[in-house]
Amino acid sequence: MKHIRRCERRTVLSGWRWLLAICCAVLPAMPQISVEAQTERQSTQSTASGSELSPREKKVIEYLQGVWGKDHSVMGVDQAMEVVGSDPSDETRFRIGQHIKQHPELHVIIRRWGWETLVLTPDEKLIARAIINAVREKKPTPTLAEIAKAVAISQNDVKRSLTMLERYQILKRDEVVGGVGYAVSAPRYLNWHPRLDFVFHRMTVSSGRHTSVN
Amino acid sequence: MLVSNKYAKEKVVIEDSSPESTARIRVEFDKGKLRKVEPKSAVLFMGGG
Numbered sequence: 642m643k644h645i646r647r648c649e650r651r652t653v654l655s656g657w658r659w660l661l662a663i664c665c666a667v668l669p670a671m672p673q674i675s676v677e678a679q680t681e682r683q684s685t686q687s688t689a690s691g692s693e694l695s696p697r698e699k700k701v702i703e704y705l706q707g708v709w710g711k712d713h714s715v716m717g718v719d720q721a722m723e724v725v726g727s728d729p730s731d732e733t734r735f736r737i738g739q740h741i742k743q744h745p746e747l748h749v750i751i752r753r754w755g756w757e758t759l760v761l762t763p764d765e766k767l768i769a770r771a772i773i774n775a776v777r778e779k780k781p782t783p784t785l786a787e788i789a790k791a792v793a794i795s796q797n798d799v800k801r802s803l804t805m806l807e808r809y810q811i812l813k814r815d816e817v818v819g820g821v822g823y824a825v826s827a828p829r830y831l832n833w834h835p836r837l838d839f840v841f842h843r844m845t846v847s848s849g850r851h852t853s854v855n
Numbered sequence: 141m142l143v144s145n146k147y148a149k150e151k152v153v154i155e156d157s158s159p160e161s162t163a164r165i166r167v168e169f170d171k172g173k174l175r176k177v178e179p180k181s182a183v184l185f186m187g188g189g
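Same order as they appear, the protein sequences are chains A and B.
642 is the number of the first residue of the first sequence in the numbering used here; add one for each residue after it.
141 is the number of the first residue of the second sequence in the numbering used here; add one for each residue after it.
Just chain B, with the same shape it has in the complex:
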């Protein structure tokens, strides 16, 4: 929601982790659009509009 509304004109980086392990996940958005996910094997669920 924040990415597509409040920060819709900005670049946003989310640093996260796999809920089941210690693997880190990094997701990058630019102007509300998903640009990059690391690792590529990460399954991303996006909600909130």
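One chain only, chain A, in its complex shape:
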């Protein structure tokens, strides 16, 4: 009986030694794992805090949620920013647009018409279309001057719009393609129905209403 108990104790002790050995072997690897996990969490947190909107930016989103779908409204971010009196910078517009892009659950209009319809300005849509149509039609990528002429805006405004399209990952810098040096970043933009992509219908009413309609 005593022999059996000793054997049991030995087995338990031996088990504990194995467990200790495993722990000792695992421990040196732990800091690295925990650092990696923390880094990942931090990067997620920084992304989240980076996309955290200011009260004024949230007000723009709330305003849009209130008007989208009413009287066929697909109001754009830039239009809502003007109504709310938000800072009219590209940076603010991008932050709000990025939030809409990342949160299609906010409104059925985002899911129905796509975030691109709502966050891009008419100029940005036309520039995207100029570059995408050239690829579709197997023509050379248009130059900065050609885009400016086609869209009827200044070259500086084209540059600003290209930066926004790049930030939204619709276009990407690619010197190989020639021309303005931007290529389409996702094949889905080439596969969109040619007559339904990057459309806009901006409406201004004499009583003061500015919106976009579908």
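Hint data in this document are derived by calculation from the structure and do not stem from the laboratory.
It is possible that part of the hints are untrue.
[As the list claims (entries may be wrong)] Straight-line alpha carbon distances no greater than 20 Å define the calculated SDA-like cross-link-like pairs of lysine to any residue that follow: (1) Lys146/B - Ser714/A; (2) Lys779/A - Ser161/B; (3) Lys146/B - Lys171/B; (4) Lys173/B - Thr845/A; (5) Lys146/B - His851/A; (6) Lys149/B - His713/A; (7) Lys173/B - Arg850/A; (8) Lys711/A - Met141/B; (9) Lys173/B - His842/A; (10) Lys711/A - Glu732/A; (11) Lys813/A - Arg829/A; (12) Lys151/B - His842/A; (13) Lys780/A - Ser161/B; (14) Lys173/B - Ser847/A; (15) Lys173/B - Met141/B; (16) Lys171/B - Ser848/A; (17) Lys779/A - Lys742/A; (18) Lys742/A - Asp838/A; (19) Lys800/A - Val817/A; (20) Lys699/A - Leu747/A; (21) Lys146/B - Asn855/A; (22) Lys790/A - Ala163/B; (23) Lys176/B - His842/A.
[Claimed, not checked] Below, a sample of chain A positions facing chain B; criterion: calculated Cβ distance under 7 Å: (24) Leu767; (25) Arg770; (26) Lys790; (27) Ala791; (28) Val792; (29) His842; (30) Met844; (31) Thr845; (32) Val846; (33) Ser847; (34) Ser848; (35) Gly849.
[To be verified] Quick list of the computed label-pair ranges, beta carbon to beta carbon: (36) Asp170/B - Arg814/A: 42 to 48 Å; (37) Val854/A - Pro179/B: 20 to 26 Å; (38) Asn145/B - Val817/A: 48 to 54 Å; (39) Pro696/A - Ser158/B: 35 to 41 Å; (40) Phe185/B - Trp833/A: 19 to 25 Å.
Predicted model only: the values in this text are computed from it and were never measured.
Every residue, glycine too, gets a C-beta built ideally from N, C-alpha and C.
Fit chain B to the known structure of chain A by using the hints.
Same frame as chain A, but now just chain B:
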């Protein structure tokens, strides 16, 4: 529909584009009636009453 109903007493400007190119199109309505289309070559389909 909006032009001929809700905004039937107002002036409405629609800024649009050719679906096949980068050409801009501007359409003006006044009191529900079409007043101006630019460029004149634009083909306009109106529906909705």
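Going down the list of hints, with the structure as the test:
no.	hint	result
1	Lys146/B - Ser714/A	13 Å, holds
2	Lys779/A - Ser161/B	15 Å, holds
3	Lys146/B - Lys171/B	10 Å, holds
4	Lys173/B - Thr845/A	15 Å, holds
5	Lys146/B - His851/A	14 Å, holds
6	Lys149/B - His713/A	19 Å, holds
7	Lys173/B - Arg850/A	18 Å, holds
8	Lys711/A - Met141/B	13 Å, holds
9	Lys173/B - His842/A	18 Å, holds
10	Lys711/A - Glu732/A	28 Å, violated
11	Lys813/A - Arg829/A	14 Å, holds
12	Lys151/B - His842/A	16 Å, holds
13	Lys780/A - Ser161/B	14 Å, holds
14	Lys173/B - Ser847/A	14 Å, holds
15	Lys173/B - Met141/B	12 Å, holds
16	Lys171/B - Ser848/A	12 Å, holds
17	Lys779/A - Lys742/A	30 Å, violated
18	Lys742/A - Asp838/A	17 Å, holds
19	Lys800/A - Val817/A	18 Å, holds
20	Lys699/A - Leu747/A	12 Å, holds
21	Lys146/B - Asn855/A	16 Å, holds
22	Lys790/A - Ala163/B	10 Å, holds
23	Lys176/B - His842/A	16 Å, holds
24	Leu767	5 Å, holds
25	Arg770	6 Å, holds
26	Lys790	9 Å, violated
27	Ala791	4 Å, holds
28	Val792	5 Å, holds
29	His842	5 Å, holds
30	Met844	6 Å, holds
31	Thr845	5 Å, holds
32	Val846	5 Å, holds
33	Ser847	4 Å, holds
34	Ser848	6 Å, holds
35	Gly849	10 Å, violated
36	Asp170/B - Arg814/A: 42 to 48 Å	46 Å, holds
37	Val854/A - Pro179/B: 20 to 26 Å	21 Å, holds
38	Asn145/B - Val817/A: 48 to 54 Å	52 Å, holds
39	Pro696/A - Ser158/B: 35 to 41 Å	40 Å, holds
40	Phe185/B - Trp833/A: 19 to 25 Å	21 Å, holds
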